[in-house]
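Each protein sequence line maps, in turn, to chains Y and S.
Using the working numbering, you'd call the opening residue of the first sequence number 1 and step up by one each time.
Using the working numbering, you'd call the opening residue of the second sequence number 1001 and step up by one each time.
FYI, nobody ran anything at the bench for these hints, they're computed from the structure.
Source: prediction; values computed, not measured.
One or more of the hints may lead you astray.
For lysine-lysine, the following BS3-like pairs were computed, each having C-alpha atoms within a straight-line distance of at most 30 Å [stated by the list, open to error]:
1) Y:114 x S:1387
2) S:1358 x Y:136
3) Y:114 x S:1289
4) S:1029 x S:1358
5) S:1007 x Y:153
6) Y:222 x Y:127
7) S:1009 x S:1188
8) S:1262 x S:1311
9) Y:12 x Y:114
10) S:1311 x Y:127
11) S:1387 x S:1358
12) Y:136 x Y:70
13) S:1118 x S:1311
14) S:1317 x Y:70
15) S:1065 x S:1040
16) S:1295 x Y:153
17) S:1311 x S:1188
18) S:1304 x S:1118
19) S:1304 x S:1387
20) Y:16 x Y:222
21) Y:65 x Y:136
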Amino acid sequence: MITLDIQNLEAKIGEKQILKGLNLQLEEGKVHAIMGPNGAGKSTLSKAIVGHYDVSIVGGDILFKGKSIKDMEPEERAKEGIFLSFQNPVEVPGVNNAYFLRTALNAKRVHEGKEELNAAEFLRLMKSHLSELGMKPDMISRSLNEGFSGGEKKRNEILQMLILEPDVIILDEIDSGLDIDALRAVSEGINKMKDGKRSFLVITHYSRILDYIEPDYIHVLKDGKIVKTAGAELVAQLEEEGYDSIANEQ
Amino acid sequence: MRLNSFKNKSLEELATLLAISPQNRPLKKFIEMGGLPSKKSEAYRYFDIESLLDGEYESLDYTPKVVNEGEEIVIENGVITTAPQGVRVYYEPCEQIDDDHFDPLYYLSHALYPRTIKIEVDGDRELKIVHRFTKSYAIINYRIVLFNQANRHSTIYESFEGKLVQNSFIMYGYDMHIAPDSSFRVVKLQTLQNQNYSMLASHKINVEKNGSCIFKSFDLGGDNALQLIKVELEEYAHIDAQHLLYLNDDSKRGTVSQIIHKGQHSTSNQEAKNILDGASRGIFDALIKVEHSAKYTKAIQNSKAILLHEKAYMVSKPQLEIYIDELEASHGSTTGQLDPQQLFYLQSRGISAIEARKMLVIAFANTMIETIRDSRHQELIRNEFDKVFYSKED
Ligand SMILES: Nc1ncnc2c1ncn2[C@@H]1O[C@H](COP(=O)(O)OP(=O)(O)OP(=O)(O)O)[C@@H](O)[C@H]1O
Ligand SMILES: [Mg+2]
């Protein structure tokens, strides 16, 4: 089954066309990795999926569980179960991290017709995840991402993923800037979310995280298109020979 | 009474009209300053004073009434009605009127209210002052003198209640004398709204040697109000002035201030945060003046504004006037919208655009609300902020 179906997607940032007829299908329960040179359009793709205001879609479509989402508000996409861990999570001074996350979770629960969690119930849920991720307890009482180190921001993104339990998880360079322990903790968090249903789209420049989370497919994104799709064995070839070795298959 | 009928009158004519002696000092100062202000006056450049002066108002009778015992000081339509036990509250002519206030109405207000309300804040204590208004189409004018003793530390919580104050014009203000080595905190919360009243609060604050004044104003909601504050700092004196403004509809509110460093090593820290919605106008027109005598002073001034609507408008004028080199001073001002990246981040986690906006606005306000020491009062102001904010945003 296909969870996310990206069809011939063309997208612009400002006047510049970045995605030039991109096709990609995420399968249920599978881990897809995207690799590709800097500036190829990987982050633009992830922003297009979640409805970022920078990106305007000028052609093609994005279907989630068979429905087009390209005209949906970002918060609607999130409540439907799409999650993006940002390459550079923004700092939000004055907004308490725990309060933010509970508001987000309850918005989703209301959308799903479930009861909202009160502060105590939420705290219990969060505490179990915190220790798994090796996060200091004070990080949830601080302002959202404010003054967090690069690695702490990434862990906080994973914390949000664990709590929100989305169906499609897009991770844009979740591994960049992580130390060895953080990389392991984050990877374990991701692996815990694998349930045979969820789909993952992992954008990365390094093979290391892929050793931990074992992708089913590797896609190469170059100049606004997916130019090659293969199994995990492609990683070794890319590391060896670089992106120039990939001929356009599409 | 129409204040505009005072226009172009000589001292003698005005004295006769008001049945005051032409020797009356505030009246003389008022005339010396050119009488009624206009939109060209320094103090009212951004506030529509002329239509206020043109209104027809009922004048009130300020004959003292029996003062009941209660938890707070209540001043109703310019007359004390309630005071706590052990607080000295009485009427007496004001003997220390400022020599050089920038607001001509400070003087007119004194001239029209010769026996001021004196409140002696004894010892270390907290006092609540409630201003209550129940008259419409009236001019409600009164002056308060506040003073404490050396080495004492007290707090005043000031709030406003109004019923039927439609189209009334309120002028009031403090002459505050902060004794050497003492500290005095004033936390003002003004949330009266949808009453179509106007208010001018014209203050003079003297901070004596080594004294410290903390003045925090929380001006939330609608209608028209201006606080005009003049501060004088002696040696080692300090003022911390913080102003939170949240405006909606077509209200005009804000602060016009002058902080004057007179003594050496005096310090000032003034910060304004302004959130403007609807077609409102926020005013922060604030001068810090460091005189020759005030070496080694430190002055910081900053204003930040967030505009929530394309019709909202912020006048932000922090200014420094400096006559010496031996000092540390900085000032700055920014005006902008909510950060789209932050908004998007919240939305991308399932929080609606409206809710995300609220979270960011409240976060901005909270940075100031959190500086209130007393947690109960902090909570009160946070709740009032939510109330005023949500009443408009929903
Ligand atoms: N806000 C923006 N304004 C203008 N150009 C942009 C903007 N964001 C991205 N771009 C441009 O779009 C192109 C694709 O950028 P994108 O961030 O998608 O690349 P990427 O594949 O994620 O690269 P990296 O591996 O460096 O993260 C780049 O040329 C970039 O400069
Ligand atoms: Mg990128």
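Evaluated hints:
At roughly 28 Å between alpha-carbon atoms, residue 114 of chain Y and residue 1387 of chain S fall within 30 Å of each other, so this suggested pair holds. With a C-alpha separation of about 28 Å, the suggested pair residue 1358 of chain S and residue 136 of chain Y falls inside the 30 Å cut-off, and the hint holds. As the CA atoms of residue 114 of chain Y and residue 1289 of chain S are separated by approximately 60 Å, the hinted pair breaks the 30 Å bound. Among the hinted pairs, residue 1029 of chain S with residue 1358 of chain S is inconsistent with the structure: their alpha-carbon atoms are about 47 Å apart, more than 30 Å.
Between the alpha carbons of residue 1007 of chain S and residue 153 of chain Y the distance comes to roughly 64 Å, so the proposed pair goes past 30 Å and is violated. For the given pair, residue 222 of chain Y sits about 41 Å from residue 127 of chain Y by alpha-carbon distance, which is inconsistent with the 30 Å threshold. For a cut-off of 30 Å, the pair hint linking residue 1009 of chain S to residue 1188 of chain S is broken: about 36 Å separates their Cα positions. Restraint check for residue 1262 of chain S and residue 1311 of chain S: not satisfied, since their Cα atoms lie roughly 40 Å apart, outside the 30 Å limit.
Taken as a hint, the residue 12 of chain Y and residue 114 of chain Y pair is broken in the structure, with Cα atoms around 38 Å apart against an allowance of 30 Å. Between residue 1311 of chain S and residue 127 of chain Y the CA atoms are separated by roughly 45 Å; this puts the pair beyond 30 Å, and the hint is violated. Restraint check for residue 1387 of chain S and residue 1358 of chain S: the C-alpha separation of about 12 Å stays at or below 30 Å, so the hint holds. A distance of roughly 38 Å separates the Cα atoms of residue 136 of chain Y and residue 70 of chain Y; the hinted pair therefore is violated under the 30 Å criterion.
Among the hinted pairs, residue 1118 of chain S with residue 1311 of chain S is inconsistent with the structure: their alpha-carbon atoms are about 42 Å apart, more than 30 Å. Simply put, residue 1317 of chain S and residue 70 of chain Y have alpha-carbon atoms about 45 Å apart, too far for the 30 Å limit, and the pair is violated. At roughly 40 Å between alpha-carbon atoms, residue 1065 of chain S and residue 1040 of chain S are farther apart than 30 Å, so this suggested pair is violated. Under the criterion of a C-alpha separation no larger than 30 Å, the hint pairing residue 1295 of chain S with residue 153 of chain Y is inconsistent with the structure, at around 46 Å.
With a CA separation close to 27 Å, the supplied pair residue 1311 of chain S and residue 1188 of chain S stays within the 30 Å bound. A threshold of 30 Å between alpha carbons decides the hint, and for residue 1304 of chain S with residue 1118 of chain S the separation of about 36 Å lies outside it, so the pair is violated. Distance hint between residue 1304 of chain S and residue 1387 of chain S is fulfilled; the C-alpha atoms sit about 22 Å from each other, no more than 30 Å. As the CA atoms of residue 16 of chain Y and residue 222 of chain Y are separated by approximately 16 Å, the hinted pair is consistent with the 30 Å bound.
At roughly 37 Å between alpha-carbon atoms, residue 65 of chain Y and residue 136 of chain Y are farther apart than 30 Å, so this suggested pair is violated.
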